[in-house]
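Chemist: From just these sequences and the hints, can you work out the full model?
There are 4 protein chains.
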Amino acid sequence: MNITLVQAEKIITIAKEKAIAIDTKMNIAVVDAGANLVAFVRMDGAWLGSLDIAIKKAKTARFFDMNTGSIGELSQPGQPLFGIEHSNHGLITFPGGVPIKNAAGDIIGAVGVSGSSVENDHAVAETGASAI
Amino acid sequence: MNITLVQAEKIITIAKEKAIAIDTKMNIAVVDAGANLVAFVRMDGAWLGSLDIAIKKAKTARFFDMNTGSIGELSQPGQPLFGIEHSNHGLITFPGGVPIKNAAGDIIGAVGVSGSSVENDHAVAETGASAI
Amino acid sequence: MNITLVQAEKIITIAKEKAIAIDTKMNIAVVDAGANLVAFVRMDGAWLGSLDIAIKKAKTARFFDMNTGSIGELSQPGQPLFGIEHSNHGLITFPGGVPIKNAAGDIIGAVGVSGSSVENDHAVAETGASAI
Amino acid sequence: MNITLVQAEKIITIAKEKAIAIDTKMNIAVVDAGANLVAFVRMDGAWLGSLDIAIKKAKTARFFDMNTGSIGELSQPGQPLFGIEHSNHGLITFPGGVPIKNAAGDIIGAVGVSGSSVENDHAVAETGASAI
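Protein chains in written order, with my numbering: chain A, 1 to 132; chain B, 1 to 132; chain C, 1 to 132; chain D, 1 to 132.
Keep in mind the hints are simulated off the structure, nothing from the lab. Using N, Cα and C, we set each Cβ at its ideal position, and we do this for glycine too. Heads up, none of these hints are tricks.
Below, simulated DSS-like cross-link-like pairs (lysine-lysine); rule was C-alpha separation at most 27 Å, straight line:
hint : chain 1 : residue 1 : chain 2 : residue 2
1    : A       : 16        : B       : 16
2    : B       : 10        : A       : 10
3    : A       : 16        : B       : 101
4    : B       : 25        : A       : 16
5    : D       : 101       : B       : 25
6    : D       : 16        : C       : 101
7    : B       : 25        : A       : 10
8    : A       : 10        : A       : 25
9    : D       : 25        : C       : 10
10   : A       : 101       : A       : 16
11   : C       : 101       : D       : 25
12   : B       : 101       : B       : 10
13   : B       : 16        : B       : 101
Have a look at the derived ranges for each label pair, beta carbon to beta carbon:
hint : chain 1 : residue 1 : chain 2 : residue 2 : range
14   : C       : 83        : A       : 106       : 34 to 40 Å
15   : D       : 103       : A       : 104       : 23 to 29 Å
16   : D       : 104       : B       : 73        : 38 to 44 Å
17   : A       : 105       : D       : 104       : 23 to 29 Å
18   : C       : 76        : B       : 21        : 54 to 60 Å
19   : C       : 81        : A       : 17        : 46 to 52 Å
20   : C       : 77        : B       : 65        : 43 to 49 Å
21   : A       : 105       : C       : 88        : 36 to 42 Å
22   : A       : 118       : B       : 76        : 44 to 50 Å
23   : C       : 86        : D       : 48        : 23 to 29 Å
24   : C       : 6         : B       : 78        : 45 to 51 Å
25   : C       : 117       : B       : 22        : 47 to 53 Å
Modeler: Pasting the structure below:
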């Protein structure tokens with residue numbers, strides 16, 4: 001079970017519409033079940049540094065099959081996963097990465113969004129992931 | 001002068017149509033004037049290893065404002081730029097990367113394509129770059 | 001004194017049985033006295049991001065000849081080894097990495113486990129390390 | 001379609017037997033359809049530098065769905081893919097990496113072998129890939 005490009009493009013289109021609706025400029029990345037990039041867009045004027053963050057959020061969400069923000073709660077100082085960000089060539093563990101499931105509930109990829117507050121990033125990623 | 005996302009998406013759409021027309025499965029990347037990724041797609045079934053190559057071709061074409069194949073002629077053993085691929089976290093210097101110019105002739109980005117023969121890769125990149 | 005492949009395979013077999021017994025899906029890595037990988041398995045459905053973490057836990061445990069969790073206590077903010085994870089291409093300093101000793105008490109390698117809670121990861125690693 | 005751990009372990013067992021039969025000491029790596037490591041063994045006394053080469057051969061074979069030696073013919077000076085090794089964090093393009101297909105002919109992973117001559121490396125990889 002793996003995401004198709006048509007699905008990834010739909011997710012990006014819907015996520016981009018959400019980004020515009022809430023007046024933000026986002027980097028949006030979609031990875032497949034193997035955590036490899038399938039599609040990406042950077043909206044005009046979006047933070048340049050968010051390019052890598054969006055891709056890393058998508059990868060992180062698929063690496064552990066959960067929202068990136070959930071990992072971040074566990075990676076704080078004193079928490080069980082402190083320092084996990086040093087693995088896998090760098091993880092991003094704050095909100096904005098969300099797994100993508102098919103109708104059967106199988107995880108087929110993940111979407112990562114970066115360019116605004118983490119709340120907005122997550123909202124756009126969630127909207128994208130819900131598109132299929 | 002910098003490429004917009006609308007322009008990058010048009011390039012990818014046209015390049016993807018060309019890829020389908022010649023029965024290939026491509027990774028297609030567009031970078032901006034700063035050599036940073038603007039848009040990317042990996043067609044279903046395209047070689048996984050071509051993901052990184054497509055992005056590196058686009059970056060290489062913008063790094064030196066010429067087709068990647070032209071650099072490759074100069075980087076052969078005994079030629080002036082032998083070993084240049086070791087710079088910039090890895091260049092790809094065979095055909096498939098093409099600068100993108102606006103109507104005034106200014107270079108505003110580059111497109112990189114990978115997934116078939118270098119002739120096909122270049123043809124798809126050239127078609128994409130000509131779309132604007 | 002160095003671990004043999006037969007020993008490493010026995011550790012992985014025992015660790016895998018423990019992982020199944022506690023209903024988890026683990027990545028299990030064994031490194032030798034030189035901190036280089038000897039054997040590795042990723043159980044079907046185990047987190048993809050735990051691949052790198054399991055290997056880094058095994059290396060970390062051998063790099064400093066102690067359980068990874070012990071290093072993590074010293075790498076918290078304000079503690080003596082804060083930031084040590086930045087060394088050696090990335091350490092993992094939460095539980096799940098355990099040194100492997102021979103009958104004479106010499107350290108001959110280490111095992112790293114990742115795929116569940118840090119308590120489960122450590123339990124599986126400890127079970128594996130005790131197998132020889 | 002993705003390789004299972006049971007399949008990967010069978011491939012490694014068969015490849016190891018072949019390595020012993022021809023009196024060599026090998027590093028043997030199996031990756032899945034996403035080019036991520038599933039299983040690995042390093043035989044006692046095998047070259048340490050071949051650890052990374054075996055893994056990179058397996059990844060390279062899956063990245064381009066062909067034997068690594070076939071890529072190497074195209075990456076020589078003056079050939080179309082000269083310098084391709086600079087992509088994907090380093091490719092290995094001499095023999096020893098072979099795609100793994102299921103009964104239906106789908107590529108579900110790849111095996112990489114390193115530790116002897118390239119002819120021996122390829123023979124062991126081919127034997128492993130044929131095991132399923």
